[in-house]
Amino acid sequence: MARLLVFLLLFALPAQAERVVLGLSQDEVAITANFTGSEILIFGAVRRETPMPSDSTLGVIVTVSGPSLPVTVRRKDRRLGIWVNTDVVEVDAAPSFYAVATSGPLEEVLTHVEDLRRSVSIPRAIRSVGADISGTENFTEALIRIRSASDNYQLLEGAVDVEEQTLFRTEVVLPANLTEGDYSTRIFLTRNGKVIDEYQTVIPVNKVGLERWLYELSRDNAPVYGILALIIAIASGWAASAAFALLRR
Amino acid sequence: MQIYLPIAEVSVDFFLILGLGGLVGVLSGMFGVGGGFLITPLLFFVGIPPSVAVATSANQIVASSVSGLMAHVKRRGVDFWMGTVLLVGGLIGSGLGVWLFNMLKALGQVDLLVNLCYVVFLGIVGALMLAESIRAMIRASRSGGVRAKRHKHNWVHNLPLKVKFRVSGLYISVIPPLLVGMLVGVLAAVMGVGGGFIMVPAMIYLLGMPTKVVVGTSLFQIIFVAAFTTFLHAVTNHTVDIVLAVILLIGGVVGAQIGTRIGVKMKAEQLRVLLAALVLLVCLKLAFDLLITPSELYSLADAGEH
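Listed in order, the protein sequences are those of chains A and B.
Read in my numbering, the first sequence has 123 at position 123, and its numbers run on one by one without any break.
Numbers given in my numbering equal positions in the second sequence, counted from 1, plus 1000.
Chain A with its partners taken away, still in its complex shape (with noise of 0.2 Å):
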């Protein structure tokens, strides 16, 4: 039945001629007390009704986002001898977390055009919008070259594998400071730069296990959480005080 509505979906849609059918290593990312960072293999294949066009080559980008949230950057200056923070911009959202693999040099597999319409490279996926002070530039670049720094932000040109125009494999790291959400998960297919199909699914990032338990008590319940935080305190200052105690007898 599934097929066949695939099936139907297909003719139904206007003649497209190579389409993406994907795989993922992990559907979702369990972020545990050990959690050190995770990799996801993201894995595919173009499906074609039609024959292979000869007169260009494939370019495949896949591009994984984190929950986007607005984010204060600051500049510091030097005023009467002491550094100083000076300027503030916000920026109205970035992802706490974006990779972009594609198969060449992204100005190669994907026009300017095509960028500004998807929002593919670093820069484009960063929005500031009504931020037109002068020197905004500025701001953003340093967002995105201490992200890059701590590995957030990933640009990975030729870190997808293509073989025969057909199946593409590509291995994203997600670093260690995650933070949770639903990570979407964007593969493009292009053709002399232009998008020819985009698949789209989302990964979804979750603590689990004892650190989802104290993370929501912290929300839900703080005072219950700081009393519990204290007594843990408490208790253990106590417990080691007597411990050195019985030792010295």
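Don't take each hint at face value.
In silico negatives: residues of chain A with every beta carbon more than 12 Å from chain B [as the list claims (entries may be wrong)]: (1) Ala17; (2) Arg19; (3) Leu22; (4) Asp27; (5) Arg47; (6) Pro51; (7) Leu58; (8) Ala125; (9) Ser150; (10) Glu157; (11) Gly158; (12) Ser218; (13) Gly237; (14) Ala240.
Residues from chain A shown here face chain B by an in silico Cβ test under 8 Å; the list is partial [as the list claims (entries may be wrong)]: (15) Arg48; (16) Leu80; (17) Gly81; (18) Ile146; (19) Arg186; (20) Tyr215; (21) Leu228.
Hints in this document: simulated from the structure, not taken from any laboratory.
Using N, Cα and C, we set each Cβ at its ideal position, and we do this for glycine too.
Keeping the supplied structure of chain A fixed, place chain B upon it in accordance with the hints.
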């Protein structure tokens, strides 16, 4: 061994954090300081977000102070009467401090003010203590170990409302300890520390308390101030990370016991020189950070965290 912290949302090395907790615990037991002025910058350094570092170190200070206090109670080194008076002043002061902090936050530049506070207070306290203890050591070696007279009569002894503090062996007005407590309370709220590094010298030089009760009494007062701070942070900012706190305090409580034993074996003057040197070291580090051109001029913060 890496461990993921649920509130800080970062993964850290278990043994590194354990070691940091232990180091601060030793200092806490030796000098009667909570160690907040040391642990908070160290946590920034290993990549814990500042707001989580400040709140969680307050929780850790509670644990190491309890541990240290128990050891001092056994040696009759705690003046509970004096501690209570200081605490009353401290709670009034921290109320004032929170009000001051929020007012400065509205004006912006609160980070700078906190840093300047650190540099100025650590600098003054460290320099005064260092000078005084070196003088005391020279005097002690010249006169063949004869102790300098402690009970000097100054303005402190001419105030009304005199009370007997038996453990400290003092008969003084409650006004100076109340004021000292208040000052420390204000600083604790503004700087996010227990305030032991101000409290200890104030008790020795301003109130004239004997060194052997100073540390225990300071710890007694710090427990309550730090507990109050932890609770406020947990309720208002949700930034106390229990997992981080537990690792820190495992190291901290053990360290505090070791520190207390080291402190008992050392001479009071030596203890003071060491504490002064430590305070000055942190002060210099913070001053350098303000003066030297930073490698990254930009910094990120969650929106709403001003």
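Evaluation of the provided hints:
No Cβ of chain B approaches the Cβ of Ala17(A) within 12 Å, the least distance being about 43 Å, so the stated non-interface status holds. Listed as outside the interface, Arg19(A) is consistent with that label: its C-beta sits roughly 37 Å from the nearest C-beta of chain B, beyond the 12 Å cut-off. Consistency note on Leu22(A): stated as away from chain B, and its beta-carbon is indeed over 12 Å from all of that chain's, at 29 Å minimum. The beta carbon of Asp27(A) sits about 21 Å from the closest Cβ of chain B, which is more than 12 Å, so the claim that it is off the interface holds.
The beta carbon of Arg47(A) is kept farther than 12 Å from every beta carbon of chain B, the shortest such distance being approximately 39 Å. Against chain B, the non-interface label of Pro51(A) holds: every CB pair exceeds 12 Å, the least being about 49 Å. A cut-off of 12 Å between C-beta atoms confirms that Leu58(A) is not in contact with chain B; the least separation is 37 Å. Non-interface call for Ala125(A) relative to chain B: holds, since the shortest CB-CB distance, roughly 16 Å, exceeds 12 Å.
The beta carbon of Ser150(A) sits about 9 Å from the closest Cβ of chain B, which is not more than 12 Å, so the claim that it is off the interface is violated. Taking the minimum C-beta to C-beta distance to chain B, about 25 Å, the non-interface status of Glu157(A) holds against the 12 Å cut. The claim that Gly158(A) is not at the interface with chain B holds, since no C-beta of that chain comes within 12 Å of its own (minimum 28 Å). At roughly 5 Å from the closest C-beta of chain B, the C-beta of Ser218(A) falls inside 12 Å, breaking its exclusion from the interface.
At roughly 3 Å from the closest C-beta of chain B, the C-beta of Gly237(A) falls inside 12 Å, breaking its exclusion from the interface. Not every beta carbon of chain B lies more than 12 Å from that of Ala240(A), the smallest distance being close to 3 Å; the non-interface claim is violated. Interface restraint check for Arg48(A): the shortest CB-CB distance to chain B comes to about 43 Å, outside 8 Å, so the restraint is violated. Restraint check, Leu80(A) versus chain B: the minimum CB separation of about 10 Å is more than 8 Å; hint violated.
Using the Cβ-Cβ criterion of 8 Å, the hint placing Gly81(A) at the interface with chain B is satisfied: the shortest such distance is roughly 7 Å. Evaluation of the Ile146(A) hint against chain B yields a held restraint, the C-beta minimum of about 6 Å falling below 8 Å. At a threshold of 8 Å, the smallest CB-CB gap from Arg186(A) to chain B is about 24 Å, leaving the interface hint violated. Checking Tyr215(A) against chain B: minimum C-beta separation of about 5 Å stays under 8 Å; hint holds.
The interface hint given for Leu228(A) is met, as the beta carbon of that residue sits about 7 Å from the closest beta carbon of chain B, less than 8 Å.
Of the numbered hints stated above, those contradicted by the structure are hints 9, 12, 13, 14, 15, 16 and 19, listed in ascending order.
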